[in-house]
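Participant: Here the protein sequences come in this chain order: A and B. Quick note on numbering: my numbering labels position 120 of the first sequence as 120, and the sequence is numbered without any gaps. Quick note on numbering: my numbering labels position 279 of the second sequence as 279, and the sequence is numbered without any gaps.
Heads up, a few of these hints could be off.
What follows is a list of derived Cβ distance ranges for each label pair [said to hold, decoys possible]:
#1 B/LYS96 with A/ALA144: 40 to 46 Å
#2 A/ALA144 with B/PRO353: 19 to 25 Å
#3 B/HIS398 with A/THR55: 47 to 53 Å
#4 A/GLY31 with B/PRO353: 49 to 55 Å
#5 B/PRO353 with A/VAL30: 24 to 30 Å
#6 A/GLU57 with B/PRO353: 18 to 24 Å
#7 A/GLN137 with B/ARG377: 52 to 58 Å
#8 B/LYS413 with A/GLU148: 53 to 59 Å
#9 A/ALA56 with B/THR305: 48 to 54 Å
#10 B/LYS430 with A/LEU84: 21 to 27 Å
#11 A/ASP54 with B/THR154: 25 to 31 Å
These aren't lab readings, by the way, just hints derived from the structure by calculation. This structure is a prediction, so every number in the text was calculated from the model and none was measured. Quick reminder that beta carbons are idealized off the backbone N, C-alpha and C, glycines included.
Spelled out, the chains give:
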Amino acid sequence: MNKAAIENGAYKRRGIMLIKQLSVFIENKVGRLEDVTKALKDHNINIASFSLADTAEYGILRMIVSDPEEGRQVLREKGFSASLTDVIAVKIAQKPGTLHEVLKVLFEAGLSVEYMYTLSTTGKDTAIIVKSSDLNQALEVLKANGYEVCTDKEAYELNNINNK
Amino acid sequence: MIWNEAKECMSRDELINLQSSRLKKTVSHVYHNVPFYRRKMQQLGLEPGDIKGIEDLHKLPFVTKDDLRENYPFGLFAVPQSQIVRVHASSGTTGKATVVGYTRRDIETWQECVTRVLAMAGIGINDKIQIAYGYGLFTGGLGLHYGAENLGATVIPMSTGNTKRLITMMEDFEVTAIACTPSYLLHIAECLEEEGKLDKIKLKAAICGAEPWTENMRKEIETKLRLKAYDIYGLSEIIGPGVAADCEYHKGLHIYEDYFLPEVINPNTLEPCREGEVGELVITTLTKEALPLIRYRTKDLTSITYEPCECGRTIARISKFKGRSDDMLIIRGVNVFPSQVEAALLELGETSPHYMLIVDRVNNLDVLEIQVEVDERFFSDEIKELENLTKKISNALHTALGLSVKVTLVEPKTLARSEGKSKRVIDKRKLYE
Chain A
1 MNKAAIENGA YKRRGIMLIK QLSVFIENKV GRLEDVTKAL KDHNINIASF SLADTAEYGI
61 LRMIVSDPEE GRQVLREKGF SASLTDVIAV KIAQKPGTLH EVLKVLFEAG LSVEYMYTLS
121 TTGKDTAIIV KSSDLNQALE VLKANGYEVC TDKEAYELNN INNK
Chain B
1 MIWNEAKECM SRDELINLQS SRLKKTVSHV YHNVPFYRRK MQQLGLEPGD IKGIEDLHKL
61 PFVTKDDLRE NYPFGLFAVP QSQIVRVHAS SGTTGKATVV GYTRRDIETW QECVTRVLAM
121 AGIGINDKIQ IAYGYGLFTG GLGLHYGAEN LGATVIPMST GNTKRLITMM EDFEVTAIAC
181 TPSYLLHIAE CLEEEGKLDK IKLKAAICGA EPWTENMRKE IETKLRLKAY DIYGLSEIIG
241 PGVAADCEYH KGLHIYEDYF LPEVINPNTL EPCREGEVGE LVITTLTKEA LPLIRYRTKD
301 LTSITYEPCE CGRTIARISK FKGRSDDMLI IRGVNVFPSQ VEAALLELGE TSPHYMLIVD
361 RVNNLDVLEI QVEVDERFFS DEIKELENLT KKISNALHTA LGLSVKVTLV EPKTLARSEG
421 KSKRVIDKRK LYE
């Protein structure tokens, strides 16, 4: 845990970042998802992207938001189990085969993908969120293969920039 | 048929004399052989000679399941280990099992009781009976087995777990009687119906127990399977199944008073109830050698009547049970205490200790669901991790309870918390009328 934190710090200094994703546990009950979006709305927290993983009894909503720390606090106050999870936001070109290429880089390094989803497809580039087995190693191989990885701020603003 | 007319149809005076002389012997036996009883009696200034008959029973202290737990495993045994020929065990209120022991004579007493029950249900030497209670530490399987063999019936020791094979044998062997839990029998009936075999079976009697059931369930069983269903009651602490059972009139369960002295008390004041008034059943064993129990609080709620029955038996009858005076649940015949669940969760240490037990009956089989709160310490945003957690909890509970459990993760702080004892059980089954 400590080792990872230190390594994480080292990457930050070099400007290569893991970003904070806000994750929340939601029971499969009518209106619970809406309770989450309302809590975020009431605190003026914007959701840039999300993915919802569902099972028979519960779901996990994973989001890239404008202020993950505050988002977590807000959800916690509403009684949710919410956590911040490190993920990678990596940019890939908007053309056939690029998703395959980036996954190949990760798999060839012996890494596995726990989950992934789209962050942005609005411009000429696409950005995806990836949670892989060893995030620091993933950052390293992505960088070595010339991929651009977003910071928290970039990841959140990506959609806005592309819109301009 | 009445197996032991001399004992089942005694006059009240004769019976009281027999009970009194057996009670005196039992009190002397425990006083001299079990330090626990001697200490308790000395604290009350009682000596065996002070108990002159059943009219003095009320002077004696009560015994509870907690006393058995505190003297785990053999502390309340009244004979040396060399005289113990068997032990059985059932769930205790926490991690430790309730252990009971039998001398050879205790086993004989037990089989006599079960034989009376089977004979009362019209079963005899020309019957083939499937024993579909669990065999092993649970008293159900072996208890019925010995009684049925003693009766002279042909015993098919099925145990539990393979309904298909049970049905095949039921048809091929032309089985005429079955002993199992009433919910399992309804499940068997459903399977027979699905296979279109309801017409092919030759069952005429069923001995059902190990869990509470209603008159409606009896009617459903009897209509579907075209047989007569009888209720059998017992608890391992006292001896096992066969403490009481009902006859063809179904007007309460005949309790074998020559072996078990019943009382019904108010569970709060501990004062005796009037005849017919509902209270907690308390039993004193009158002939047990290995584990004699004096005024054992069963926690089962019932009422008692001493009116002779239309069947000719004069022994007392206890009414169908009205519930429990503690929080014990009986699920698929297995005793479950919420405190066991709590202890298992705390031991696992990977969940919050807040839980809710939901018991339901689906297709006539009891299902136990446990809802556990996912608090932030245990929340992972990977489904894989949450599923691992669910599996761990379910394995830990399976080990602790001996039952498979469905684990459901719920949001934090959504399970009821109340001052003191929170409501941790929702029982959706309708077990009591």
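Participant: With reference to the structure, classify each hint as holding or not holding.
Facilitator: Quick rundown of the hints versus the structure:
At about 59 Å, the beta-carbon gap between B/LYS96 and A/ALA144 misses the expected band of 40 to 46 Å. Roughly 47 Å separates the CB atoms of A/ALA144 and B/PRO353, a value that falls outside the hinted 19 to 25 Å. For B/HIS398 paired with A/THR55, a C-beta distance near 21 Å fails the hint of 47 to 53 Å. Between A/GLY31 and B/PRO353 the CB atoms are about 27 Å apart, so this pair departs from the stated range of 49 to 55 Å.
Range check, B/PRO353 to A/VAL30: Cβ separation about 28 Å, and the 24 to 30 Å hint holds. Checked against the given bound of 18 to 24 Å, the beta carbons of A/GLU57 and B/PRO353, roughly 20 Å apart, stay inside it. Hint check: A/GLN137 to B/ARG377, Cβ distance near 27 Å, so the stated range 52 to 58 Å is violated. Separation of B/LYS413 from A/GLU148 is about 42 Å and departs from the stated range, judged on CB atoms against 53 to 59 Å.
Evaluation of the 48 to 54 Å hint for A/ALA56 and B/THR305 yields a pass: the beta carbon distance comes to about 50 Å. Distance hint for B/LYS430 and A/LEU84: a CB-CB separation of about 47 Å, inconsistent with the stated range 21 to 27 Å. Distance hint check: the CB atoms of A/ASP54 and B/THR154 are about 54 Å apart, inconsistent with the given range 25 to 31 Å.
Hint compliance for this structure: hints 1, 2, 3, 4, 7, 8, 10 and 11 are broken, all remaining hints hold.
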